[in-house]
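**Q** Add chain B with the ligands to chain A, keeping to what the hints say.
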Amino acid sequence: MLKDITLGQYFPGDTFIHRLDPRTKLIMSLEYIVLLFVARDYFSYGLLFAYLVLIIAVSKVRLKIILNGMKPILILVVLTALLNLFYTPGNTVVSFWVLRITDAGIKNAFLMVIRIMMLIAGTFLLTYTTSPIDLTDGLEKLLNPLKKFKAPVHELSMMMSIALRFIPTLIEETDKIMSAQKARGADFETGSIIQRAKALLPLLVPLFVSAFRRADELAVAMESRCYHGGQGRTKMKQLILRPQDYLTLALGVLLAAGTVMLAVLGL
Amino acid sequence: MEINMSDIIKIENLTYAYVTEEGKNAVALDHINLSIKEGSFVAVLGHNGSGKSTLAKHMNAILLPEGGKVYVAGMDTSDENLVIEIRRQVGMVFQNPDNQMVANVVEEDVAFGPENLGIDPNEIRRRVDDALRQVGMYEYRTHAPHLLSGGQKQRIAIAGIIAMRPRCIVLDEPTAMLDPMGREEVISTIHELNRKNGITVVLITHHMKETIDADRLLVMKDGRIVADGAPCEVFKNVRELKEVGLDVPDTTELIFQLNEEGFNLPLEALTVEECASAIYAVLS
Ligand SMILES: Nc1ncnc2c1ncn2[C@@H]1O[C@H](COP(=O)(O)OP(=O)(O)O)[C@@H](O)[C@H]1O
Ligand SMILES: [Mg+2]
Numbered sequence: 477m478l479k480d481i482t483l484g485q486y487f488p489g490d491t492f493i494h495r496l497d498p499r500t501k502l503i504m505s506l507e508y509i510v511l512l513f514v515a516r517d518y519f520s521y522g523l524l525f526a527y528l529v530l531i532i533a534v535s536k537v538r539l540k541i542i543l544n545g546m547k548p549i550l551i552l553v554v555l556t557a558l559l560n561l562f563y564t565p566g567n568t569v570v571s572f573w574v575l576r577i578t579d580a581g582i583k584n585a586f587l588m589v590i591r592i593m594m595l596i597a598g599t600f601l602l603t604y605t606t607s608p609i610d611l612t613d614g615l616e617k618l619l620n621p622l623k624k625f626k627a628p629v630h631e632l633s634m635m636m637s638i639a640l641r642f643i644p645t646l647i648e649e650t651d652k653i654m655s656a657q658k659a660r661g662a663d664f665e666t667g668s669i670i671q672r673a674k675a676l677l678p679l680l681v682p683l684f685v686s687a688f689r690r691a692d693e694l695a696v697a698m699e700s701r702c703y704h705g706g707q708g709r710t711k712m713k714q715l716i717l718r719p720q721d722y723l724t725l726a727l728g729v730l731l732a733a734g735t736v737m738l739a740v741l742g743l
Numbered sequence: 010m011e012i013n014m015s016d017i018i019k020i021e022n023l024t025y026a027y028v029t030e031e032g033k034n035a036v037a038l039d040h041i042n043l044s045i046k047e048g049s050f051v052a053v054l055g056h057n058g059s060g061k062s063t064l065a066k067h068m069n070a071i072l073l074p075e076g077g078k079v080y081v082a083g084m085d086t087s088d089e090n091l092v093i094e095i096r097r098q099v100g101m102v103f104q105n106p107d108n109q110m111v112a113n114v115v116e117e118d119v120a121f122g123p124e125n126l127g128i129d130p131n132e133i134r135r136r137v138d139d140a141l142r143q144v145g146m147y148e149y150r151t152h153a154p155h156l157l158s159g160g161q162k163q164r165i166a167i168a169g170i171i172a173m174r175p176r177c178i179v180l181d182e183p184t185a186m187l188d189p190m191g192r193e194e195v196i197s198t199i200h201e202l203n204r205k206n207g208i209t210v211v212l213i214t215h216h217m218k219e220t221i222d223a224d225r226l227l228v229m230k231d232g233r234i235v236a237d238g239a240p241c242e243v244f245k246n247v248r249e250l251k252e253v254g255l256d257v258p259d260t261t262e263l264i265f266q267l268n269e270e271g272f273n274l275p276l277e278a279l280t281v282e283e284c285a286s287a288i289y290a291v292l293s
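Protein chains in written order, with our numbering: chain A, 477 to 743; chain B, 10 to 293.
Chain A on its own, in the form it takes in the complex (with noise of 0.2 Å):
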């Protein structure tokens, strides 16, 4: 059950966007989500939203995928569009009781809901097409000038890395345990949210043990491969950016002039 889990998840594949550096796509997806808080209008959206089409028809990875990781944040979105839909002042379209729908509000709703997915997408994407490893290695390159103000780029990059790894062996951990109380009695599924949450700490506490066991062992294991930090580390893989990233990031500026020159202008 716990292994359906597709967040961050990592579709691996051989297309353009796929062989990107993970700096290009980091910037494109900073780039594309403040564009998406600039956007105005439904020509400014529709810009956003073809590049969003293109970049996942490139990619390859299938619509299904990215309709499936919007699950866990439905709530949210019809939420906002609620919210949006009755409390926006305009001219009433319909009105019963104390609640009142305007164009404005169906119009804002509209838009808010397609922000809303189209940030999701934009995301999930960069996660569905670049591994873990690539991902924090391109973070750390990018962050890289902060080091001369002393702060921990390197540290950070190497604990996301690891927190990473360890993802998959926790959980799997967790569904062991959780089967051997579940063979002693142990009832996760039924009960209000309190007997449940209960029921949970006969699992916690196991996993959290167990957890600091093999913080030690690796931290053992780390320092016996020579690890001492930051200093003097070299990378087998070097991130190069190759001409299409520089095409990518060139559609990127035209892109950005674009939606800003739209949302300037109000449509």
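In short, the hints are calculated from the structure, not lab data. We put the beta carbon where it would ideally sit given N, CA and C, even for glycine. Any given hint could be a false lead.
[As the list claims (entries may be wrong)] Quick list of in silico lysine-lysine cross-link-like pairs, BS3-like style, CA-CA up to 30 Å:
#	chain 1	residue 1	chain 2	residue 2
1	A	K711	A	K624
2	A	K711	B	K46
3	B	K218	B	K205
4	B	K19	B	K78
5	B	K230	A	K711
6	B	K19	B	K230
[What the hints assert, rightly or not] Chain B stretches covered by chain A per the calculated footprint, using a threshold of three residues with CB under 8 Å from any CB of chain A:
#	region
7	21 to 29
8	45 to 57
9	91 to 105
10	211 to 222
**A** Okay, now just chain B with the ligands, sitting in the frame of chain A:
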């Protein structure tokens, strides 16, 4: 200080005690003296808590002696400036394969050691490919380690060590969590590294069978080395071994029992074939 250069590890009067939660000192190593020849295959047997892991952790400066000295290729492990070089020369493989992997791609994990040493990226690539071929895991280089079997994971851990080009590998019960097939994979891999590359091997185990092919066998008890010699010599002392709480190989046990019944068979016949032909020789 006289150091014999053919000794990759030299331990003199080593003592070490852990501080327990009650604040008492629990002696884990008690005046150990030991020299390990470069290129040899040394097995270490002993009960839980006999000090095997503590001894192993002194061989690459994870633990530092409280009393006595440990030298690795002539370098004193208590010299802070030499720690990285000592750990490069003496690699260590641990019991739980999951808790020694740092990356979620096989080749990235193998590259971890050489990356820490600051080696040139192209050279790392070469070493990683080389190391993975040597342990027979090259085809799995882009796989995720958590989907592999225990034996495969341990072979990747070994590859991660040999990519640092060490002179010695210390393995602390590397087969304890593996099924028989995984055990066989790991043991034959380290024998091959010892034979073909001349890498010194220190294998800590409590599977008797895995010690038979070693050049030398040490038996530990209560922080001391109580037996030291060729495996067939050590196993001859069946009674003493049993006192230490250790079993002997099935073959030795069989011959021992037969000898108790009045036969006169050689106790040093360790492998099944040797044992069978010895019995055959007596019977015919
Ligand atoms: N971290 C520790 N803290 C306190 N005592 C320890 C610690 N690790 C080991 N010991 C004790 O030291 C002794 C030797 O342990 P160890 O070297 O792990 O033995 P082995 O590997 O042969 O099982 C044991 O009595 C054990 O209880
Ligand atoms: Mg041990």
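**Q** Mind taking a look at whether chain A covers the region 211 to 222 of chain B? Criterion is 3 or more residues with CB to CB distance under 8 Å.
**A** With 0 residues in contact (Cβ-Cβ under 8 Å with chain A), the coverage given for the region 211 to 222 of chain B is violated.
**Q** Measure nothing beyond the straight line between the CA atoms of K230(B) and K711(A); if it is 30 Å or shorter, mark the hint as holding.
**A** Violated, at about 43 Å.
**Q** Does K711(A) pair with K624(A) here, judged by a C-alpha cut-off of 30 Å?
**A** holds (20 Å)
**Q** Under the criterion that the straight-line Cα-Cα distance not exceed 30 Å, is the pair K19(B), K78(B) satisfied?
**A** holds (8 Å)
**Q** Regarding the pair K19(B) and K230(B), is the alpha-carbon distance no greater than 30 Å?
**A** holds (20 Å)
**Q** State whether the coverage of the region 21 to 29 of chain B by chain A holds or is violated, taking the criterion as 3 or more residues with Cβ-Cβ distances under 8 Å.
**A** violated (count 0)
**Q** Please count how many residues of the region 45 to 57 of chain B have a CB within 8 Å of a CB from chain A and say whether that reaches 3.
**A** violated (count 0)
**Q** Tell me if the straight-line CA distance from K711(A) to K46(B) falls inside 30 Å.
**A** violated (34 Å)
**Q** Would you say the region 91 to 105 of chain B counts as covered by chain A, given the rule of at least 3 residues with C-beta under 8 Å?
**A** holds (count 7)
**Q** Holds or violated: K218(B) and K205(B), Cα atoms, limit 30 Å.
**A** holds (22 Å)
In terms of the numbered hints stated before, the structure departs from hints 2, 5, 7, 8, 10, listed from lowest to highest.
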